[in-house]
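Visitor: Sequence:
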Amino acid sequence: MSINQRRFWLLLSYLLLLLPFIGYGASQAMQTKVNSPIDWVSSAFPARADYDQFCQQFGNSDTVIISWPGCTIHNPDLDQFVRALRTDSDFQDDQRQWYFERVISGRELYRSLNSPQMGLTNEEVHSRLNGTFIGADGKTTCVIVSFTPAGLQKRKVLVESIRSALQEHCHLDDEQCAMAGPIIDGLEIDLASKDSLDRFVLPSTLIVLVICWLCLRSFRAALLVFGLSLLAQGITLAIIHYSGESITALLIVMPPLIQVLAVAGGIHLVNYYFDAVKDPGIAQPAVYAFQIGWLPCLLSAGTTAIGLASLLVSGLTPIRLFGGYAACGVIITTGLLLSLIPGVFSVWPLKRTAPQETDPEKPPAVKRDIWFFLTAVLKKNHMPVACVSLIAMAAAGYGISRINTSVRIETLFPEQSKILQDYHWLEDHVGSLVPIEVVLTCTPESQLTFREQLLMVWHIEKELKKTETVNRTISTMTFAPRFPRPANLSLELFQYRANEALMSMKSQFIDSGYLKEQDGNNLFRITTYVSSLNNADYNAYLELIGNKVETTIRGSDENFPPGISTQQTGIMPLVHEIQRQLMVDLFKSFLFAFLIIAVVMTIVQGGIVAGMVSMVSNVFPPLMIFGLLGWLSVSVDIGSVMTASVALGIAVDDTLHYLTFFRRRLDAGYSPVDSVLYAYRHCGKAMIQTSLICGLGLLVFAFSNFVPTSRFAWMMFGLLFTALLGDLIVLPALLLSPLGRFFALATKEDQSAEQHMPG
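All the letters of the sequence shown, read from the start, carry residue numbers 422 to 1180 under my numbering.
For the record, the hints were derived by calculation from the structure and aren't laboratory data.
Every residue gets a Cβ at the ideal spot worked out from N, C-alpha and C, and that includes glycine.
Heads up, some of the hints might be wrong.
Claimed, not checked - The calculated BS3-like cross-link candidates involving lysine-lysine, where the alpha carbons are at most 25 Å apart (straight line), are:
{"hint": "1", "residue 1": "Lys883", "residue 2": "Lys969"}
{"hint": "2", "residue 1": "Lys886", "residue 2": "Lys969"}
{"hint": "3", "residue 1": "Lys615", "residue 2": "Lys927"}
{"hint": "4", "residue 1": "Lys883", "residue 2": "Lys560"}
{"hint": "5", "residue 1": "Lys560", "residue 2": "Lys839"}
{"hint": "6", "residue 1": "Lys1106", "residue 2": "Lys801"}
{"hint": "7", "residue 1": "Lys1106", "residue 2": "Lys699"}
{"hint": "8", "residue 1": "Lys887", "residue 2": "Lys969"}
{"hint": "9", "residue 1": "Lys577", "residue 2": "Lys839"}
{"hint": "10", "residue 1": "Lys772", "residue 2": "Lys699"}
{"hint": "11", "residue 1": "Lys969", "residue 2": "Lys937"}
{"hint": "12", "residue 1": "Lys937", "residue 2": "Lys883"}
{"hint": "13", "residue 1": "Lys883", "residue 2": "Lys927"}
{"hint": "14", "residue 1": "Lys575", "residue 2": "Lys839"}
{"hint": "15", "residue 1": "Lys1106", "residue 2": "Lys772"}
{"hint": "16", "residue 1": "Lys886", "residue 2": "Lys560"}
{"hint": "17", "residue 1": "Lys575", "residue 2": "Lys615"}
{"hint": "18", "residue 1": "Lys937", "residue 2": "Lys927"}
{"hint": "19", "residue 1": "Lys969", "residue 2": "Lys1009"}
{"hint": "20", "residue 1": "Lys886", "residue 2": "Lys937"}
Unchecked claim - Using C-beta positions, here's what the derived DEER-type ranges look like:
{"hint": "21", "residue 1": "Gly756", "residue 2": "Phe1013", "range": "20 to 28 Å"}
{"hint": "22", "residue 1": "Gln449", "residue 2": "Gln939", "range": "37 to 45 Å"}
{"hint": "23", "residue 1": "Arg638", "residue 2": "Tyr435", "range": "29 to 37 Å"}
{"hint": "24", "residue 1": "Gln518", "residue 2": "Asp940", "range": "42 to 50 Å"}
{"hint": "25", "residue 1": "Asp616", "residue 2": "Gln939", "range": "38 to 46 Å"}
{"hint": "26", "residue 1": "Asn909", "residue 2": "Ala465", "range": "57 to 65 Å"}
Sequences are here, hints too, so could you generate the full structure?
Guide: In structure tokens form, the structure reads like this:
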């Protein structure tokens, strides 16, 4: 047994010992925790700081809105249901701490406002609650449940308990009840993504294995490549778990990245081994495969890892985690490929019965295969191909400036899904669902009485309702009684008595959640509601509402009144601002990664022009696909944008394998045409096999009902085959153009395939 074989057995033994820990860690990493975009940024993020301050003042905005046909202000079943939410042990922890901050019943509010003490007519009560707690029919209502941070961590169990309570007290099944809100959004996204993985991961795995087998025509080789891709994914996921993290909405695209790179590198090495097996002059095919493949494998892995590690400069946690773990996974994958594939073939060599092919080191002039004819076509048409490719890339680059991103709930699920049906029903029968919060702060410096402060709230509400985007509002004034002025009472005395009466109700206003006393200041909360189903720009809504509020407070004065300040916030505007910032950071990080890879490529290729030429095929896939989406006005989500990193990784891998063999032939003194053909014959088949295996394996996820998963599959399929086009057509065309001279040292005039090609 040679020293290399002993090393292989030791490495294999260590891996077998670690396998239980790898399996456990990987499975735990896939047990996703509660993923909320709010946690993607720190409190230093301005919009997050505003929202955190609002939550400290008025409580958490993670809510569930519940209603159903028959949920009316006259239905006594609501009282039993609400009582269960407030008292049942299912909604309390072991210390009897409630998992909810507040449960608000529209029926209770209606009865409270209809009490004699409020002095309101039935029409006035309906006017105050219409569009928030009473629907357009005048009777349909809802229940709103606000979760504590502890409850948020158990949202799946609590939502199931809520459904059980509905079944017990209101005799409803899941299909009859409509639920919406941030809690339901996050839960349904988690469940849908997990369901997609559970349903399609096995078919995808089998497809990858079968196509790998068909391409390599060796079940043992296919199983080896496939097994190493699973092992690389498992080790990377285990590292995530043991470092205290778990898979998030953005990290979910990392396992496919590791699989694609593992399969790509494995296919290349296996094909190098097959070439060596066919040559009787090579005594140790496994050693030969390692010797010929280690350089392009290390170059591609190092370049990809550097590019991914550049994401660590981002100020946003998900991007940093993706960059760090993906870079670590790429390095681990390369180590496994370079050690285990040659080791396995050294201990258990394959015996191929395929006919011997011509040694690629010998002149290939007589071998007229597909690569020969493709090289001949590009030799004759390299300039048109290169020019058309560059023009198409320029046009696609402009298309990227037109790209739209979307995180709206209706873009995540198909129209017939239960969650979208619930949203439509609730908006049609109760009211708009997205709250945008306005906080009016009145300090003693304002010298306004409590009644005058409430009047300011009333004026703000009145003006906000005039805007087209705001459908309904709710505030402290919603819970205030009506004070008719007696005819025999002076205005001054009436105002004094009204102020005293309102002051006596302060505790009730505070209990409603729409007033907060803090450091001697009164903080009034005004909640405006906008639709969740139109193409909403919530940040534009915030600006519009803010301008309307300031204009109302200023009145005819140019200066803001002393002691008065306002703030606009809300959970949905915050989420959209975070995701907008994520898109910006992803673009900047990808650009930074591209620049770093470009610098590395110039060093590897030994020249700036040569390095830039090699980068064309790397940027070709994401530029073409995302540019096309921009031209077609197709909205993309964050997961789709993250596929650009996968495309960059696979493109760099194939480009470096191709260029390594092109440079080897070119440096030996052969012509660019002969070098292109030589590189084709060494790498072309492996490139096609990689794209076919990974592309079709991922395409099975396109049948998912969860739109981001389906879109991710189509994007990956398109990017993989666009990368193949870039490496097999665009890159060789550039190498055969005048730009190819920047790769050349010296050229042999004889023994070249060029003399046998037309044109």
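Visitor: Give a verdict on every hint.
Guide: Going down the list of hints, with the structure as the test:
1. Lys883 x Lys969: Holds. Lys883 to Lys969 sits at ~11 Å (cutoff 25 Å).
2. Lys886 x Lys969: holds, 10 Å
3. Lys615 x Lys927: violated, 47 Å
4. Lys883 x Lys560: Given pair Lys883, Lys560 holds - Cα atoms ~24 Å apart, limit 25 Å.
5. Lys560 x Lys839: holds, 24 Å
6. Lys1106 x Lys801: holds, 23 Å
7. Lys1106 x Lys699: holds, 16 Å
8. Lys887 x Lys969: Holds - the C-alpha atoms of Lys969 and Lys887 are around 10 Å apart, at most 25 Å.
9. Lys577 x Lys839: holds, 16 Å
10. Lys772 x Lys699: OK: Lys772 and Lys699 at ~9 Å, within 25 Å.
11. Lys969 x Lys937: holds, 23 Å
12. Lys937 x Lys883: holds, 21 Å
13. Lys883 x Lys927: Holds. Lys883 to Lys927 sits at ~22 Å (cutoff 25 Å).
14. Lys575 x Lys839: Roughly 22 Å separates the two Cα atoms, so the pair holds.
15. Lys1106 x Lys772: holds, 20 Å
16. Lys886 x Lys560: holds, 22 Å
17. Lys575 x Lys615: Holds, at about 17 Å.
18. Lys937 x Lys927: holds, 9 Å
19. Lys969 x Lys1009: violated, 34 Å
20. Lys886 x Lys937: holds, 23 Å
21. Gly756 x Phe1013: 20 to 28 Å: holds, 26 Å
22. Gln449 x Gln939: 37 to 45 Å: holds, 42 Å
23. Arg638 x Tyr435: 29 to 37 Å: Holds, since Arg638 and Tyr435 (Cβ atoms, about 31 Å apart) stay within the stated range.
24. Gln518 x Asp940: 42 to 50 Å: The hinted range 42 to 50 Å is violated for Gln518 and Asp940, with Cβ atoms some 28 Å apart.
25. Asp616 x Gln939: 38 to 46 Å: With a Cβ separation near 44 Å, Asp616 and Gln939 satisfy 38 to 46 Å, so the hint holds.
26. Asn909 x Ala465: 57 to 65 Å: holds, 59 Å
Of the numbered hints listed earlier, those contradicted by the structure are 3, 19, 24.
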